[in-house]
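Chemist: Residue numbers (this note's numbering), protein chains in the order written: chain A, 235 to 801; chain B, 20 to 317; chain C, 3 to 326.
Hints in this document: simulated from the structure, not taken from any laboratory. Virtual Cβ for every residue (Gly too), placed ideally from N, Cα, C. Treat the hints loosely; a few may be bogus.
Partial list, derived from the structure: chain B residues whose beta carbon lies under 7 Å from chain A [what the hints assert, rightly or not]:
hint, residue
1, Q175
2, Q179
3, K206
4, Y208
5, A211
6, L213
7, V222
8, H226
9, D309
10, N312
So the derived label-pair ranges between C-beta atoms look like this [to be verified]:
hint, chain 1, residue 1, chain 2, residue 2, range
11, B, F35, C, D126, 19 to 25 Å
12, C, D126, B, I60, 37 to 43 Å
13, C, V108, A, T419, 42 to 48 Å
14, A, S279, C, L8, 31 to 37 Å
15, C, P247, B, F61, 49 to 55 Å
16, A, A658, C, D126, 53 to 59 Å
17, B, R43, A, V795, 52 to 58 Å
18, B, R43, A, R767, 43 to 49 Å
To spell it out: a stretch of chain A is covered by chain B in this simulated footprint if at least three of its residues, at any positions, have a beta carbon under 8 Å from a beta carbon of chain B; those stretches are [said to hold, decoys possible]:
hint, stretch
19, 624 to 631
20, 653 to 660
21, 685 to 694
What follows is the residue order along each chain.
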Amino acid sequence: MTDTPLLDVADLATFFHARAGVVKAVDGVSFSLKRGEVMGLVGESGSGKSITGFSIIGLLDPPGRIERGSVKLEGRELVGLPPDELRAIRGKAISMVFQDPMMTLNPMLTIGDQIGLALEAHESVTGTERRQRAIAALAQVRIPDPQTKVDFYPHQFSGGMRQRVAIAIALLHRPRLIICDEPTTALDVSIQAEILAEMKELVAQLGTALIWISHDLATVASIADHVCVMRYGKIVEAGPVLQVLTRPQHPYTQGLLDSLPSRAKPGAMLARGAGTDAAPPPRLPRQAESGHRRADLPYVVIETVGKRFQRKSGVLRLLAQKVGLLGPLPAVQAVDHVTLSIARGEALGLVGESGSGKSTLGRIVAGIYAPDSGQILLDGEPVMSPGDRPHKITTRIQTIFQDPFASLNPRMRIGDSIAEGPLAHGLVGRAEAGTYVAQWLAAVGLDPAFAGRYPHQFSGGQRQRVAIARALAMQPDVVVCDEPVASLDVSIQAQIINLLLRLRQELGLTLLFISHDLSVVRHLCDRVAIMHRGKIVESGPAGEVYDNPRDAYTQRLLAAVPVLPVA
Amino acid sequence: MRQPVPPSEISPAARFWAEFQESRVAVVALAVVVLMLGVAIFAPLVAPQNPYDLANLVLMDARRPPGFVGSSGYTHILGTDAQGRDLFSAILYGLRISLQMGLIAGTLAFTVGVTLGVGAAYLGGRWEAFIMRVVDLQLAFPAILLALVLSALLGQGKMQLIAALAAAQYAYFARTAHGAASAERGKDYVEAVLSTPLPAWRVVLKHIFPNCLPPLIVVATVQVASAIALEATLSFLGVGLPVTEPSLGMLISNGFQYMLSGRYWISIYPGIALIVLIVAINLVGDRIRDQVNPRLKR
Amino acid sequence: MLGHILGRLGQALVVMLVMSALVFVGVYAIGNPIDVLIGPDVSQDIRLDTIARYGLDQPLHVQYFTFLGRILQGDFGRSFVFGMPVLDLILSRLPATLELTLAAVVGAALIGIPAGIYAGYRPDGLAAKAIMTISILGFSVPTFWIGLVLIMAFAVELQWLPAGGRGATVSVFGVEWSFLTANGLSHLLLPACNLAFFKLALMTRLARAGTREAMLSDTVKFARAAGLSEWTVLRRHVLRLIAIPLVTVFGLEFASTLAFAVVTETIFSWPGIGKLIIDSITSLDRPVMVAYLMLVSFVFIMINFLVDLAYVGLDPRLRRAGSR
Numbered sequence: 235m236t237d238t239p240l241l242d243v244a245d246l247a248t249f250f251h252a253r254a255g256v257v258k259a260v261d262g263v264s265f266s267l268k269r270g271e272v273m274g275l276v277g278e279s280g281s282g283k284s285i286t287g288f289s290i291i292g293l294l295d296p297p298g299r300i301e302r303g304s305v306k307l308e309g310r311e312l313v314g315l316p317p318d319e320l321r322a323i324r325g326k327a328i329s330m331v332f333q334d335p336m337m338t339l340n341p342m343l344t345i346g347d348q349i350g351l352a353l354e355a356h357e358s359v360t361g362t363e364r365r366q367r368a369i370a371a372l373a374q375v376r377i378p379d380p381q382t383k384v385d386f387y388p389h390q391f392s393g394g395m396r397q398r399v400a401i402a403i404a405l406l407h408r409p410r411l412i413i414c415d416e417p418t419t420a421l422d423v424s425i426q427a428e429i430l431a432e433m434k435e436l437v438a439q440l441g442t443a444l445i446w447i448s449h450d451l452a453t454v455a456s457i458a459d460h461v462c463v464m465r466y467g468k469i470v471e472a473g474p475v476l477q478v479l480t481r482p483q484h485p486y487t488q489g490l491l492d493s494l495p496s497r498a499k500p501g502a503m504l505a506r507g508a509g510t511d512a513a514p515p516p517r518l519p520r521q522a523e524s525g526h527r528r529a530d531l532p533y534v535v536i537e538t539v540g541k542r543f544q545r546k547s548g549v550l551r552l553l554a555q556k557v558g559l560l561g562p563l564p565a566v567q568a569v570d571h572v573t574l575s576i577a578r579g580e581a582l583g584l585v586g587e588s589g590s591g592k593s594t595l596g597r598i599v600a601g602i603y604a605p606d607s608g609q610i611l612l613d614g615e616p617v618m619s620p621g622d623r624p625h626k627i628t629t630r631i632q633t634i635f636q637d638p639f640a641s642l643n644p645r646m647r648i649g650d651s652i653a654e655g656p657l658a659h660g661l662v663g664r665a666e667a668g669t670y671v672a673q674w675l676a677a678v679g680l681d682p683a684f685a686g687r688y689p690h691q692f693s694g695g696q697r698q699r700v701a702i703a704r705a706l707a708m709q710p711d712v713v714v715c716d717e718p719v720a721s722l723d724v725s726i727q728a729q730i731i732n733l734l735l736r737l738r739q740e741l742g743l744t745l746l747f748i749s750h751d752l753s754v755v756r757h758l759c760d761r762v763a764i765m766h767r768g769k770i771v772e773s774g775p776a777g778e779v780y781d782n783p784r785d786a787y788t789q790r791l792l793a794a795v796p797v798l799p800v801a
Numbered sequence: 020m021r022q023p024v025p026p027s028e029i030s031p032a033a034r035f036w037a038e039f040q041e042s043r044v045a046v047v048a049l050a051v052v053v054l055m056l057g058v059a060i061f062a063p064l065v066a067p068q069n070p071y072d073l074a075n076l077v078l079m080d081a082r083r084p085p086g087f088v089g090s091s092g093y094t095h096i097l098g099t100d101a102q103g104r105d106l107f108s109a110i111l112y113g114l115r116i117s118l119q120m121g122l123i124a125g126t127l128a129f130t131v132g133v134t135l136g137v138g139a140a141y142l143g144g145r146w147e148a149f150i151m152r153v154v155d156l157q158l159a160f161p162a163i164l165l166a167l168v169l170s171a172l173l174g175q176g177k178m179q180l181i182a183a184l185a186a187a188q189y190a191y192f193a194r195t196a197h198g199a200a201s202a203e204r205g206k207d208y209v210e211a212v213l214s215t216p217l218p219a220w221r222v223v224l225k226h227i228f229p230n231c232l233p234p235l236i237v238v239a240t241v242q243v244a245s246a247i248a249l250e251a252t253l254s255f256l257g258v259g260l261p262v263t264e265p266s267l268g269m270l271i272s273n274g275f276q277y278m279l280s281g282r283y284w285i286s287i288y289p290g291i292a293l294i295v296l297i298v299a300i301n302l303v304g305d306r307i308r309d310q311v312n313p314r315l316k317r
Numbered sequence: 003m004l005g006h007i008l009g010r011l012g013q014a015l016v017v018m019l020v021m022s023a024l025v026f027v028g029v030y031a032i033g034n035p036i037d038v039l040i041g042p043d044v045s046q047d048i049r050l051d052t053i054a055r056y057g058l059d060q061p062l063h064v065q066y067f068t069f070l071g072r073i074l075q076g077d078f079g080r081s082f083v084f085g086m087p088v089l090d091l092i093l094s095r096l097p098a099t100l101e102l103t104l105a106a107v108v109g110a111a112l113i114g115i116p117a118g119i120y121a122g123y124r125p126d127g128l129a130a131k132a133i134m135t136i137s138i139l140g141f142s143v144p145t146f147w148i149g150l151v152l153i154m155a156f157a158v159e160l161q162w163l164p165a166g167g168r169g170a171t172v173s174v175f176g177v178e179w180s181f182l183t184a185n186g187l188s189h190l191l192l193p194a195c196n197l198a199f200f201k202l203a204l205m206t207r208l209a210r211a212g213t214r215e216a217m218l219s220d221t222v223k224f225a226r227a228a229g230l231s232e233w234t235v236l237r238r239h240v241l242r243l244i245a246i247p248l249v250t251v252f253g254l255e256f257a258s259t260l261a262f263a264v265v266t267e268t269i270f271s272w273p274g275i276g277k278l279i280i281d282s283i284t285s286l287d288r289p290v291m292v293a294y295l296m297l298v299s300f301v302f303i304m305i306n307f308l309v310d311l312a313y314v315g316l317d318p319r320l321r322r323a324g325s326r
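Here chain A stands alone, though its shape is the one from the complex (with noise of 0.2 Å):
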């Protein structure tokens, strides 16, 4: 009995039967896993990975449909069961953790009402001893004061606290088996340090084999001791983490690891990311700096800039405010007065978890939102209009956004897109306009001929060329870039990477660059800003605050980053 092993996956293949055709999502994937063994499934975006955890547990979403192989749990085939057995199987001997915690807990519902459902599907149990067994799981994930958490509702949580409660409902009947399906994307690093830390321990002292399913590998490596490298619904490579990753033999692997800059020499070219793209047109001219340049300031300034996200309140409301029968709305201070400036030519990295204020501060700087007080300097000249209702008034400073598929407009052809803004502005005539955009398409390695194509008919990381272009026809000396490759797979990161070192090399751009990704920031850039809190904690040279940090978060920050193993 010892020798079966706990899950048997033999030639599972999981197809889509779309109007579109078959896609083989997975395809052949044939794995064993050990009682207690902690394994990692990895794989970039469409590799089949989740697909195949949702395979296991019975869960997929009509059209898919498992066309052959095996699931067997200690023997027992899974593949074929009835819904019935399905169910009293799923929750029980094998549970899931799904991604975003924001969406998997139900609102409506509080968290001991949920945790008690989770109790009811596989025991039956008294109104009191729910409630005990409701608390008693969330003190097992640490989640504090669980008598009181009990009757929270999921708003309540932060995102770190419902994924521990999703964790609670995953580990209730004690299950052999847990698949996390991407557990900590859609956290900060710091509480994803946390959540790793948590689960290890808990597995351990449990005993539950786990299947942890991520697309990055240093999280992979700090919690499993095998792994699968899946691509295209197929393992190309197996085994334990520090053969794999330390002596990759399948190319893929290979390149997945050369791709991430964390391994690179900051500033380098990454390996996979290499291309051969056009030189961008020459810069043309600009008009004659203006009389305000003064040499004394630093090349972009950043003033004391604050901003207050603040409900209006309606005129009753403000009514009753002055009675004193009501306090104002409560207001969010993102952005806590900073001051920062930026050198011609430099890139500074503006580092923070989500709700630091980064993003706000970087759409002041590019003229998007207006500060509520301070100002924003380029060259000596202010980016906003002085007035009521101030508007962008330099075309200097461009932005390339996070998500290229919401930073362009789906109904329009990517050539219009790119020229739209040079056209207004008179940096090129209707009749070079096709010339002009071929030539910026060319330089962020597009085919020429795709300018009529439209948004939905391109990749991801091609979408993301396209929104440099954009931003880059502009003709802008500042460029702020909002996360542009937090959404790309790593292997379509390094080219993007790669591109915006040659292009600011090549056009001698200054650039803002706001991150999560503490290694990406670490590799683009020069000098790096800690945001937290909507302050800025800390600043200097890249390579300073790295190997020295000075404040108490950034050192927290950068130890919660997970490593990659070295061989």
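Given the coordinates of chain A, assemble chains B and C onto it according to the supplied hints.
Modeler: Relative to chain A, chains B and C alone:
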């Protein structure tokens, strides 16, 4: 480096149409709508009789059942009405008036509503709050009541009824347009063009408005259908169109009194024409609704 | 929480004021206001006397406040047609409409919501397709035409049910009700079905759309992964997730059904306020129109207020936001 891209350019509209075609019911419904629209436009050419040509009124032939061969030797396939008119022809002409009312009122409501909704989302602040408060207030007030009161106050007539219908419906467009425009306003691509910077009117017209269209098309189908139904209802209640403009609703209303005596066809056939039209429009709208709902996308 | 309720109440008050101004301008100020107050066939003396008595020679805003004052005292004037105080007239007709509306809306919700949830749960099943076909018909076919068909089928051809009127009523607390007698119930059935048909379709579609979205959500997937039975998932998770839009529509539809009763009451000669308003519109009985509009506005605003309160009860996120 260069990744494969589909060989030819596919515009979002072409993609939308390809997806639309996947529902056979919706394609049939669309065909029905187009057919009825065509028949309505060319009613004078298609209809066997001009029902409002006094020469065709033969009281002797009044209220005859379907298939009746009239004194002129013509077979009335759907029978005749109280004045002896060919019911089939009367339905075609009625369809023409009903569709005309629905489309004109719908277009008017669309224009006013979308201008207000997108304008509110763009202006923000107190204007937005004020406009949307008024719109919400009106949405809580049933369209039929508003149309009823307005048509009573304005008096009978084509223009009056169009005004009443549009006034009862613009709020739906305003709400939808405001919701869609606010959502688009916060998206990265709009922030990108704002940071270029481009003039505000251009951002609204070229970027925000086109991307608000899909949900607005859904609302437009529903509202045109309901404008047609509303017009019929008001005409039935006697506060809609004047008798000189016999829409489908009026035909149904005229036939109502003969229904209890078993002459069902005078009322039923115009009713069926009305229902087929409305159902077809709603089916088309339903399909588009499913297509544009991002939460149903996998 | 208190702030939320107070705010809503204040809004309701403002809205009511706005409505009164609109109705005042719409009905009294357009056209010759004297026609509103007295019949057209009275002598010139009475005419001048009335103008002075109602202050029609006063500036408009003064007139409006006088109008408001009278309304607050419950004085809506006298109906030209019925020659009795409008308030009494409307109150005598209101129970019939309330009875009809309640029967229709509650019936529609009781059938429509479960049907919609089922259709959303198994969207590709045969039953779901049948439900959706019926609902699209109900959504499309004008109420008045369904009324005609119902009368023709059940009253004329089959002769199972009466074609109109309210039937026998029983007096409870001084108010006449139909649904308490067998005869009254048989009179109520057809008009209630007629009025319910559209609402039924609407609620079915809404429940289906909500359920379909909820079934694809991570919340439901996670609940299934924890081994919850489908029934528990539907009853405890999905029902809660779709409750808010359903309650909203239930409230708003109750209000709009009151208005739609106009059509049904006309067809089935149901002696409610809908029939009354149609009659008063055709006979230009303006005091009745004003009173009706103010009453219906009041009901709408109250229902909106209650729906808002229900939100706070249903959505824990609002509960907390309100308490801060």
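Chemist: Would you mind marking each hint as holding or not holding in the structure?
Modeler: Quick rundown of the hints versus the structure:
no., hint, in the structure
1, Q175, "40 Å, violated"
2, Q179, "35 Å, violated"
3, K206, "5 Å, holds"
4, Y208, "5 Å, holds"
5, A211, "5 Å, holds"
6, L213, "6 Å, holds"
7, V222, "10 Å, violated"
8, H226, "5 Å, holds"
9, D309, "14 Å, violated"
10, N312, "16 Å, violated"
11, B:F35 <-> C:D126: 19 to 25 Å, "23 Å, holds"
12, C:D126 <-> B:I60: 37 to 43 Å, "38 Å, holds"
13, C:V108 <-> A:T419: 42 to 48 Å, "47 Å, holds"
14, A:S279 <-> C:L8: 31 to 37 Å, "50 Å, violated"
15, C:P247 <-> B:F61: 49 to 55 Å, "43 Å, violated"
16, A:A658 <-> C:D126: 53 to 59 Å, "49 Å, violated"
17, B:R43 <-> A:V795: 52 to 58 Å, "54 Å, holds"
18, B:R43 <-> A:R767: 43 to 49 Å, "57 Å, violated"
19, 624 to 631, "holds (count 5)"
20, 653 to 660, "holds (count 4)"
21, 685 to 694, "holds (count 7)"
The structure fails to meet hints 1, 2, 7, 9, 10, 14, 15, 16, 18 from the earlier list, while all remaining hints are met.
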